[in-house]
Amino acid sequence: MTAAFVFDAMLCLLLVGTAVSAVAGRDLFASIAFFVTYGILIGLAWLRLGAVDVALAEAAIGAGLTGVLLIGAWSMLQRRCGDGGNDPAMPVLPKLAAAAVSVTVTGMLALAVLALPVGAPGLVPLVTENLSESGVGNPVTAVLLNFRAYDTLMESIVLLIALVAVWALTPKELWGGVPGLRQHARPDGVLATFGRLLPPLGLVVAVYVVWAGSEMPGGAFQAGTILAAVWLLVVMAGIAEEPRMSSRLLRLALVVGPAVFLGVGLVGAAFGSFLGLPVDFAKALILAIEFALTFSIAVTLALLVAGTPREGT
Amino acid sequence: MGALLTLPLLELTVGLPLAATLLAIVSGRFSSGLVLGIGPAMLALAVLLCLAVGSHGPLEVAVGGWAVPLGIALGADGLSAVFVMTGAIIMPAVALFARRAFGSDPAETTQSFTFWPLFFAMWAALNAIFVGRDLFNFYVALELLTLTAVAMVAYGGTAAALRYMIFALMGSLAYMTGVALLYASAATLDIGLLSEAIEPDRAVVLAGGLMTAGLLAKTALFPLHAWLPPAHGNAPAPASALLSALVVKASFFIIVRIWFHVMPDAQSPWLVQTLGLLGACAVIYGSLLAIRQGRLKLVIAYSTVAQIGYLFFIFPLADGSAFALPWAAGAWTGGIFHALSHAFAKAALFLAAGLIIEALGHDRIADMKGIARALPMTMAAFGLAALSIMGLPPSGGFMAKYLMLTSALAGGQIFYALVMIAGGLLAVIYLFRPLNAAFAGSHVPEIAPVPKARQTIPLALALIATIIGLASSIPYQFLQIGLPEVLEGGTE
Numbered sequence: 392m393t394a395a396f397v398f399d400a401m402l403c404l405l406l407v408g409t410a411v412s413a414v415a416g417r418d419l420f421a422s423i424a425f426f427v428t429y430g431i432l433i434g435l436a437w438l439r440l441g442a443v444d445v446a447l448a449e450a451a452i453g454a455g456l457t458g459v460l461l462i463g464a465w466s467m468l469q470r471r472c473g474d475g476g477n478d479p480a481m482p483v484l485p486k487l488a489a490a491a492v493s494v495t496v497t498g499m500l501a502l503a504v505l506a507l508p509v510g511a512p513g514l515v516p517l518v519t520e521n522l523s524e525s526g527v528g529n530p531v532t533a534v535l536l537n538f539r540a541y542d543t544l545m546e547s548i549v550l551l552i553a554l555v556a557v558w559a560l561t562p563k564e565l566w567g568g569v570p571g572l573r574q575h576a577r578p579d580g581v582l583a584t585f586g587r588l589l590p591p592l593g594l595v596v597a598v599y600v601v602w603a604g605s606e607m608p609g610g611a612f613q614a615g616t617i618l619a620a621v622w623l624l625v626v627m628a629g630i631a632e633e634p635r636m637s638s639r640l641l642r643l644a645l646v647v648g649p650a651v652f653l654g655v656g657l658v659g660a661a662f663g664s665f666l667g668l669p670v671d672f673a674k675a676l677i678l679a680i681e682f683a684l685t686f687s688i689a690v691t692l693a694l695l696v697a698g699t700p701r702e703g704t
Numbered sequence: 004m005g006a007l008l009t010l011p012l013l014e015l016t017v018g019l020p021l022a023a024t025l026l027a028i029v030s031g032r033f034s035s036g037l038v039l040g041i042g043p044a045m046l047a048l049a050v051l052l053c054l055a056v057g058s059h060g061p062l063e064v065a066v067g068g069w070a071v072p073l074g075i076a077l078g079a080d081g082l083s084a085v086f087v088m089t090g091a092i093i094m095p096a097v098a099l100f101a102r103r104a105f106g107s108d109p110a111e112t113t114q115s116f117t118f119w120p121l122f123f124a125m126w127a128a129l130n131a132i133f134v135g136r137d138l139f140n141f142y143v144a145l146e147l148l149t150l151t152a153v154a155m156v157a158y159g160g161t162a163a164a165l166r167y168m169i170f171a172l173m174g175s176l177a178y179m180t181g182v183a184l185l186y187a188s189a190a191t192l193d194i195g196l197l198s199e200a201i202e203p204d205r206a207v208v209l210a211g212g213l214m215t216a217g218l219l220a221k222t223a224l225f226p227l228h229a230w231l232p233p234a235h236g237n238a239p240a241p242a243s244a245l246l247s248a249l250v251v252k253a254s255f256f257i258i259v260r261i262w263f264h265v266m267p268d269a270q271s272p273w274l275v276q277t278l279g280l281l282g283a284c285a286v287i288y289g290s291l292l293a294i295r296q297g298r299l300k301l302v303i304a305y306s307t308v309a310q311i312g313y314l315f316f317i318f319p320l321a322d323g324s325a326f327a328l329p330w331a332a333g334a335w336t337g338g339i340f341h342a343l344s345h346a347f348a349k350a351a352l353f354l355a356a357g358l359i360i361e362a363l364g365h366d367r368i369a370d371m372k373g374i375a376r377a378l379p380m381t382m383a384a385f386g387l388a389a390l391s392i393m394g395l396p397p398s399g400g401f402m403a404k405y406l407m408l409t410s411a412l413a414g415g416q417i418f419y420a421l422v423m424i425a426g427g428l429l430a431v432i433y434l435f436r437p438l439n440a441a442f443a444g445s446h447v448p449e450i451a452p453v454p455k456a457r458q459t460i461p462l463a464l465a466l467i468a469t470i471i472g473l474a475s476s477i478p479y480q481f482l483q484i485g486l487p488e489v490l491e492g493g494t495e
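In order, the protein sequences belong to chains E and Z. Okay, so the first sequence: first residue is 392 according to our numbering, each after it adds one. Okay, so the second sequence: first residue is 4 according to our numbering, each after it adds one.
Be aware that a few hints might be false.
[Claimed, not checked] Computed, partial: chain E to chain Z, Cβ under 10 angstroms: (1) A413; (2) G416; (3) A421; (4) G513; (5) L514; (6) A553; (7) W558; (8) G580; (9) L582; (10) V598; (11) G656; (12) A679.
[As the list claims (entries may be wrong)] A short list of chain E residues far from chain Z (calculated; beta carbon distances all over 12 angstroms): (13) V397; (14) I431; (15) E520; (16) M545; (17) D579; (18) W602; (19) G663.
Keep in mind that the hints were calculated from the coordinates and are not lab data. C-beta atoms are modelled at their ideal positions from N, C-alpha and C, and glycine is treated no differently.
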C-alpha cells in the first residue's frame, strides 16, 4: 500500500464525509462550512487527477466565491428569520424520496462508469497534435480560447447575464444605487490593514495567472476570481465603495471582455471563419482576449457577490 | 444562390443577438430601440438561411476552422431553419409589443434596463440551440436560456422564479451528467460523429435517460410541470409569450435531436411509451386544470402544460421499433408542426391577454364581460389563436393534429387518437369560457385606451398560426430537408 494510495483513499472518505455532512446537517451554517471544505477537497481531488486548471477554478469559484455567496445568504436569512433559516420541520417523506432518487441515480452512474473503457485518451491526442497551431502551450487554454472558443464566448456572456438577472431583482426605488451592504471596518483593525496590504500582491498574482495561462495552468476565470477577491477585500475594509450600478464606466467594464472576444470572432468571420485565429496572431489575440476577459470577469464576480443595491442611497 | 454559402449565416444568427446583448447593456435608454435595427437584420438572416437550406440542403460549418471532433460545428437542416425563422418572427413581434412596458419611461428603471439584455441573450441562446451540433454547446446555450427566462419570470414574482430555477438547475445537472457519460464513451460531443460512434450500451442508455429527464424538467412535461403555471401565468405578458412560445420548445428541440439524430437505435418500447403516456397525462391534466382557472393568463399557462403533452406523442406515433413504417415521418412532422403553430398561437394569446390587462387592469375572466366590444381586434386575435389551440381547421394546430391523428389511426394506436380528440374538446371548453365572457352582455365596458398599432401584433401572430395550416405544404416540404435518417423510409 503506497502513500499515494493511502492519501487518495483518505481523500475519498473525506469527500463523501463532508458531502454527507453538508446535506444531512440541521445547522445551516455548519452545512455551509462543510460545503466550502468539500469544495477545497474536490480541488485537491482534481489536482490528484492531474487537472490543475480545474483544481484552480474549483478552489477559487466552487469553494471561495460560492462560499462567500452562501454565507451572505445565510446572514440575510439570519436577519430576516432570526433562527438562521434552519428548517427542522422538513417532512420525512420528501426526504426519503429524495434520498431514494439520489441513491438510485448514483448506483446506476457507478455501474455505467465501471462499464466505460478504461484509460481511453478522449480527444487528448488530437489536442496535442494541433497544439502548435493554437498559439499557446497550455492545452487547456488552447481548448478554451481556440478549439472550443465558441463555448467560452457564450460562457462569458452567461456570467454577464447572471449579473443582469441579479440586477433584475432590484426593487424599483433602489435602481441605480450602490450595490451591496455598507461595510463597517475599524480603521485600525485587522481587516483594514489587510485591505491595504494584500491588494498589490493579489494584483501581481492575478496578472501572473493570466499571463502564465498561455503556457501553464491559469487563465482568465481563475485570475478574474483573484482580482474579484482583492476588490471585495478593499470594499470590506472600507477603503473604497462599490460603484453605482448606473455608472456608464462600470457598464463598459462589464462588457469589454465579451466584446473583445466577440469582436475578434466577428472580424474572423469577415476573413473566412467565425472565431478563427490565424496561427501568426493567435497568441497575441488570445492574450488580448484573456486580459480583457479577466477584467470583466473580476468586475462581474465582485458585483454578483455584492448583489442588489442597499437601501437609502 | 451559391454566394449564400459564403456568408456566415449560421454564425451570425448567434453572433448578432450576442452583440445586441452587449450593446443593450451600454446603450442605456436607447436599448429599447435596438430591436428596430436588429429585428429586420435577424429576419433577413433567417430568410437567407431558409433559402440556403432550401437550395443546397443541410449546411454545416466548423467554428474557428477546427473540424469536429476537436472543434464545434454549427449546422442547419430544415428543422433548424424553420425554428430560426419562427424565432425571427416572434422575437421582434414581442419586442415591439414590449417597448411600451420596457422602454417608454424617460428615466432608467430596473425593468427597462434589464429586459433588453435578457431579451437579446435569450434570442442568441435559442438560435445557438437551433443551429447547434454539439451536446456541450447545447448545455451552455441552455444555461444562458434558463438564466434569461428565470430573470423574466422574476419580474412577476420571486417565488415562481425560484421554483422554476430549482427545476431548471436540476435539469441542467442531469443533462450535463449524461453529456459527460457520452463523451467518456465516444470521445466526441458532435451530433453527427456521436450517431456513428455509439452503441446503445448501458452507459449510453443511462446518458440518454439522464439528458432526457433533465430536458423534460425544462420543457415542463407532466409530472415536472409544476413550475410552469405560476411562472408563465405571473410574468409580464411579453415575457410569458416568449417563455411559452419559444423557451420550452428549445429543450424539446434538443430531445428531438438526441432521440432522432444521435441515438435512434436506443429508442426502446419502454421509452417511447413512457414519453407518450406522460404526454397523454399532460394533455388531460393540463386541460382539466385550465378549465378550473379564474384568471385568463393562468388558463393560457395551463393550456401550455396540456399542449406540451402533444409534442411527446411523436415518440409512440413514430414508433422507434418500426421507423420505416410509412406514417412515422408524418407523425414526426406533425409533432414539429404542433410546436410551430403552438408557438405563434400561444404568443398571440399571451399578448392579447396582456392588452386585456392593460385595458381593464386585471385578467379575471368573470369580470371581463363585453370586452370584445371594447377591444374587437384583440379579441379577434384571441379567437383566431384559440382556433389553432383547439385544433380546428383551417389553423396550423389543425394540420398538426390531423397529421398526428392519421398516423395514430394508421398505426393502430387508438389510445393516442382518443387522447388527442379529448384534448381538443377540453381545449374548446377552457378557451370558450373567456371567449364567452368577452362577448357576454350588450354594453361596452369602460377601458384604458389601447393603441390600435399594438393590437395588430397579436393579430398578426394569430394570422400566421392560421396561415401555417392553409399553406402547410411549404413548411411540410421544408421539414423533410435533412430529415432524420431513421425516418426516411417513411416518406416514400
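Evaluation of the provided hints:
1. A distance limit of 10 angstroms between C-beta atoms decides the matter here; for E:A413 the minimum to chain Z is near 16 angstroms, and the interface restraint is violated.
2. Evaluation of the E:G416 hint against chain Z yields a violated restraint, the C-beta minimum of about 20 angstroms exceeding 10 angstroms.
3. Evaluation of the E:A421 hint against chain Z yields a violated restraint, the C-beta minimum of about 22 angstroms exceeding 10 angstroms.
4. Hint status for E:G513 relative to chain Z: holds, with the closest Cβ pair at about 5 angstroms, below 10 angstroms.
5. Satisfaction of the interface hint for E:L514 is found here, the shortest Cβ-Cβ separation to chain Z being roughly 6 angstroms, below the 10 angstroms cut-off.
6. This hint holds: E:A553 has a C-beta 6 angstroms from the nearest C-beta of chain Z, less than the 10 angstroms allowed.
7. This hint holds: E:W558 has a C-beta 6 angstroms from the nearest C-beta of chain Z, less than the 10 angstroms allowed.
8. With a least beta-carbon distance of about 35 angstroms to chain Z, the hint placing E:G580 at the interface is violated under the 10 angstroms criterion.
9. Proximity of E:L582 to chain Z is violated relative to the hint, the smallest CB-CB distance being about 32 angstroms (cut-off 10 angstroms).
10. Taking 10 angstroms as the C-beta cut-off, the interface hint given for E:V598 is violated, the closest approach to chain Z being about 25 angstroms.
11. Against a cut-off of 10 angstroms between C-beta atoms, the interface hint on E:G656 holds, since the closest Cβ of chain Z lies about 7 angstroms away.
12. At its closest, the beta carbon of E:A679 sits 16 angstroms from a beta carbon of chain Z; the interface hint therefore is violated under the 10 angstroms criterion.
13. With a least CB separation of 27 angstroms from chain Z, E:V397 remains clear of the 12 angstroms interface cut-off, as annotated.
14. E:I431, annotated as away from the interface, keeps every beta carbon of chain Z farther than 12 angstroms; the closest lies near 21 angstroms.
15. Consistency note on E:E520: stated as away from chain Z, yet its beta-carbon is not over 12 angstroms from all of that chain's, at 9 angstroms minimum.
16. Its beta-carbon lying about 5 angstroms from the closest one in chain Z, E:M545 breaks the requirement of being farther than 12 angstroms from that chain.
17. Distance check on E:D579: its Cβ is at least 39 angstroms (rounded) from any Cβ of chain Z, clearing the 12 angstroms threshold; non-interface status holds.
18. Once the 12 angstroms rule is applied to beta carbons, E:W602 is consistent with being away from chain Z; the minimum gap is 23 angstroms.
19. Separation of E:G663 from chain Z is inadequate, the least Cβ-Cβ distance of about 7 angstroms not exceeding the 12 angstroms criterion.
Checked against the numbered hints given earlier, this structure breaks hints 1, 2, 3, 8, 9, 10, 12, 15, 16, 19; the rest are met.
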